[in-house]
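Going down the list, the protein sequences come from chains A and B. Under my numbering, the residues of the first sequence are numbered 1 to 518, in order. Under my numbering, the residues of the second sequence are numbered 1 to 334, in order.
Simulated from the structure, these hints should not be mistaken for lab results. A couple of the hints might just be wrong.
What the hints assert, rightly or not - In silico contact screen, one side only, chain B against chain A (beta carbon under 7 Å); selected entries:
hint : residue
1    : T44
2    : G68
3    : V74
4    : N129
5    : P131
6    : I178
7    : P179
8    : M191
9    : A192
10   : Q207
11   : R210
12   : R215
13   : V324
14   : D325
Where is the CB? At the ideal position from N, CA and C, for every residue including glycine.
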Amino acid sequence: MVVLERIGVYFQTVFHLASDPINIAILFGSVMLGIMFGAMPGLTSTLGVALLTALTYGMDTATAMVCLLAIYVGGTYGGSYASILINIPGTAASAATALDGYPLACKGEGGRAIGLTTTSSAIGTIISMLFLVSISPLISFFALQFTSFEFFLLAFFGILISGTLTSPDLVIKGWIAGFLGLFLACVGRDMLQFYPRFTFGISELDSGVEVVPVLIGAFGIPQIIQVLKERFQIGETQKFQRILPEFGTIIRNIPRIVRSALIGVGIGSVPGIGEDIAAWVSYGAAKNTAKHPERFGKGEIKAVLATEVANNACVGGAMIPLLNLGIPGSPPAAMLLGALMLHGVTPGPMITFEHPTFITEVAAILLLASCTMWVVGMLMAKQVVKVLRIPTQIFMPIIGVLCIIGSYALGLNIFNLYLMLPVGIISYFLIEMGYPIAPLVIGVILGPMADENLRRALMVSQGSFLPIFTRPVALILLLTILWTVFSQVPYFKKRKNQLVDKIRRRKPVKIKMDPEEG
Amino acid sequence: MKKILIFGLIVLMALATGVYAAKGFPKRDITNVCVWSAGGGTDTCNRIISAEMSKFLGKNINVINKTGGVGGSVGMSFAYKRPADGYTLCGLSESCVTAGVQGGWNNRMDVWDFFIVGGSPDVISVTPNTPYKNLKDLIEAAKKSPKSIKAAASAAGSIHHLNLLAVEDGSGAKFNFIPYTGSAPSQNAAMAGEVSVVVTSLAEQQQLLRGGKLRPLAMLIPDSFKVEGLGTIPSSFDDYPGLSKYLPISQAIGFAVRADAPDDVKAVLTDAFKKAIATDKLKTWAKENYYLLSGKTGKEAKAEFNSLESNFAWTLWDLKAAKVDPAKLGIPKP
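I would like the entire structure built from these sequences, with the hints used as guidance.
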C-alpha cells in the first residue's frame, strides 16, 4: 500500500509541477543556466547552485528545488561540452569524458558524441532517481560504513585509477602525475594541526592550492598552446551530423549503462566525494571489461557513455545521504543542504515523518530535470558543435580570456591567476614529455581528502594500520588498489594474459554478432 | 557568430561588475564569506539572514564557504584582504576569536564590526550502541581508562572543542579528541561508530537525536532543554556542578564587516540586519531550529566579542591548547 501511495504521490507531483507554466519556464531556464555553468571552464555546478541558492529564497520550496536541482543536473551534464569540443573539461567531473570525447570531435563526430552524452546523462540521472525512491535507506546504511580509512583509500584509489587510465605509454607516468597533484594538495595549512606546509611564508598559500585555477591552467593553457602552435582545426563539422538519440547504440550498451549507473549511485552516496571519482571509476570498469581496451582513449563511444552515465547518476546518489542523514554526498549537494535549510526543510532521519512526501517530490523533480536536460541538449547539440567553425586564431584567444575569467571568478582572487599560469606552463611541458595531466588535477582535488583522512584514521586507531585489514570495506578497497598496481607490473601482466588466453582456448565460443559494437 | 556575441556579452558583464562607486550602497551583489563548511550551523544561519537581508537591500548576498585554518582563520584572512567597502562580509561564529592565539590571525578581533544573529546550545551525545546511558556513565568510564574513549568535535579551538575541554576539566575525565573539519563530518563519524562521543550544537544534532541515530546525554548549559518528540535533555550541571566554573560557552553566530568600512555603508547594513532579524521568518526559523536570537550590533556586539575573545583566548592558553600568548596579541585577561 505504501508503495502504491508513493507512486501515486510521485506522478501527482510530476504532473502538478509540469502543469504549471512558470515551473516549466524555471526548469528550462535553470537547466540552460546549469549547462552554461558546466560548459564554461572554471564555473562549476557547485558555484551555480551556490549562486542561485540566495535567488530562490523568495520562491516556495518546491519551485526552489526545481530551480536548484535543474542547475545541478544541467551543470553536471554541461561539463561534457567543453570536454568534447575543446578538450578543456568544463568541470572536474567531465575530465574523463575528454579522454575519448575529444578524439571523437577530432574525427568529426563531435555531434554524435554530444548527442550520446545527452542521452546517457539523462539515463544516468533517471536510474539514480529510481534508487533514490526505492532503496535509499539501505544505501545510506552502507554510506555509514565509511570511516576515515575508507575515505583515504577511496581518494587514493581515485588518483591511482585516473593515472592508470590516462597514460599514453607508461602507466608509471600517470601515477607520477597523480603524486605531483597530491604534493600540490599538501601546500597550505594542514587541516588537523594547522601547521603551514610549503607555504614559504606566503599568506595566500595558507588556504592551499585552489582546484579551479589548477583545473583551468592544467587543461586550458596546454590546449591553447598546442592548437595555436600546430594551427589545426579541431574536427570538421561539414560532415552530415546525425544528432539523434541513437537508441540502437543505447540498447546495445544496456549492461554497460546499468553498471556505470550503479557505480555513480554508489560513489555519489558516499559523503564528501562526487562526480569526478565516479566518472573515472566507471571509465576504468568499462575499459577493463571491454573486448577492445586498446580503442579506449582514441575516441571510443562506449567510454563517453560510461563516464557520462556515471557522473550524472551521482546526482541522485548524492541526494540519498543528503535527504536521509543530512550529510551531503557531493560538493553541490552541500550547497543544496544549505538551500533546503533556508526553506525550513532540515534533511535527516526525521524527514520521512516531518515532510513525508519530500523524497518523492525530489525524485519527481529529478525526472523532470533530466527530461528537460535531454530536450535542451538535443536541441543545442547541433548548434554547439558549430563553435568549432570559428577560426582557431579567434577561438583560442577567446578560450584564453574565458580561462582567466574562470580562474578569477571563483573567489575573485587575483592570486589564482598567478597560480593558473605556472601550472599551465608546467602542464604543457609535462604533456610534451608524455605525462597525462588529468591525474595531476585529480590529485589536487582528492589530495586533501586522502591526507586529512589518513592522518585522522591513524589518530583514531592510535597509529595502527590494522583496521585496513579488519574493516570489510577498507579491505575490498585495499585489494582493488593492489590489483590496480600489480596488474600493471610486467610479470603479473604476462601471467594475467596467459591465464586469460588459457581460459579463452578452453572455451572457443564463436560470436557471430559482436554485441559490443557501438 | 551568435556564440561570439554571447561570449562578448559575458566579457562585458564581467567588466561592468568591476566598475562601481561607493555611493548608493549596495550597487551590486554582496559576498558573505562563511568560514565554516556548508550545512553547518554558521553556514545555515548566514544563508537565512543573508537571504532575508537581501530583500531589504535590493541586492543579493551570496554566501560562499572558505573553510580551514585555525578558528576559521583562512576564511577570515580571505575576507579581510578584500576592500573595506561593505561588499564583502565574513560569516563567522564565536569560535573565530581563537584564530589569533592559535597562530592563524595576526589581528585582534576588533578589526571587525559584528552583527550577531544568535546561537544554539551545545549537547554531548554518544553513538546509540555504546553502553553509556547518561553523562555519569560516560564520565566514569572515561575516568577509569583515560584517553581510551574517542570524542569528535570540529577543529581544535572550535566552540565544540572548547565545550569538550570544559567537560574534561570540570569532571576530571580525559577523552581521545579527534578533530573533524566541521560539525556535520563529526556527527557522521559518531553515527558511523568511528568515534563514540560527539559534541555539537543542538541545532545541528536535533534531527539525528530525534531519529535515534545519536543518543543525547546532557546539555552543556545550566538548564535542561525540552526537545519535542524526544523528552527533556538534562543539564550536565546536575551531576557535575563543577562544570559551572568552565561552562557555558555560548555561541554567537552572525557575520562581520571590516570596522574601517564607511559609516554610511555600515548604517545600511545595520538597518537591513535589524529589519531582517525582526521578521517572522527569522523568528519561526529560530524556534524550529533551537536557536536563541540575539540581534546585537555595533558597540554591544563588539563588547560581546571582546569578552568572548579574552575568555576563549585565555581559556585556551590555560588549557595549553594555544600557540601564541594572548598577552602578546594584547588580549586582556577576562
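Here's how the hints hold up against the structure:
no.: 1; hint: T44; verdict: 4 Å, holds
no.: 2; hint: G68; verdict: 6 Å, holds
no.: 3; hint: V74; verdict: 4 Å, holds
no.: 4; hint: N129; verdict: 12 Å, violated
no.: 5; hint: P131; verdict: 19 Å, violated
no.: 6; hint: I178; verdict: 6 Å, holds
no.: 7; hint: P179; verdict: 5 Å, holds
no.: 8; hint: M191; verdict: 6 Å, holds
no.: 9; hint: A192; verdict: 5 Å, holds
no.: 10; hint: Q207; verdict: 3 Å, holds
no.: 11; hint: R210; verdict: 5 Å, holds
no.: 12; hint: R215; verdict: 13 Å, violated
no.: 13; hint: V324; verdict: 12 Å, violated
no.: 14; hint: D325; verdict: 17 Å, violated
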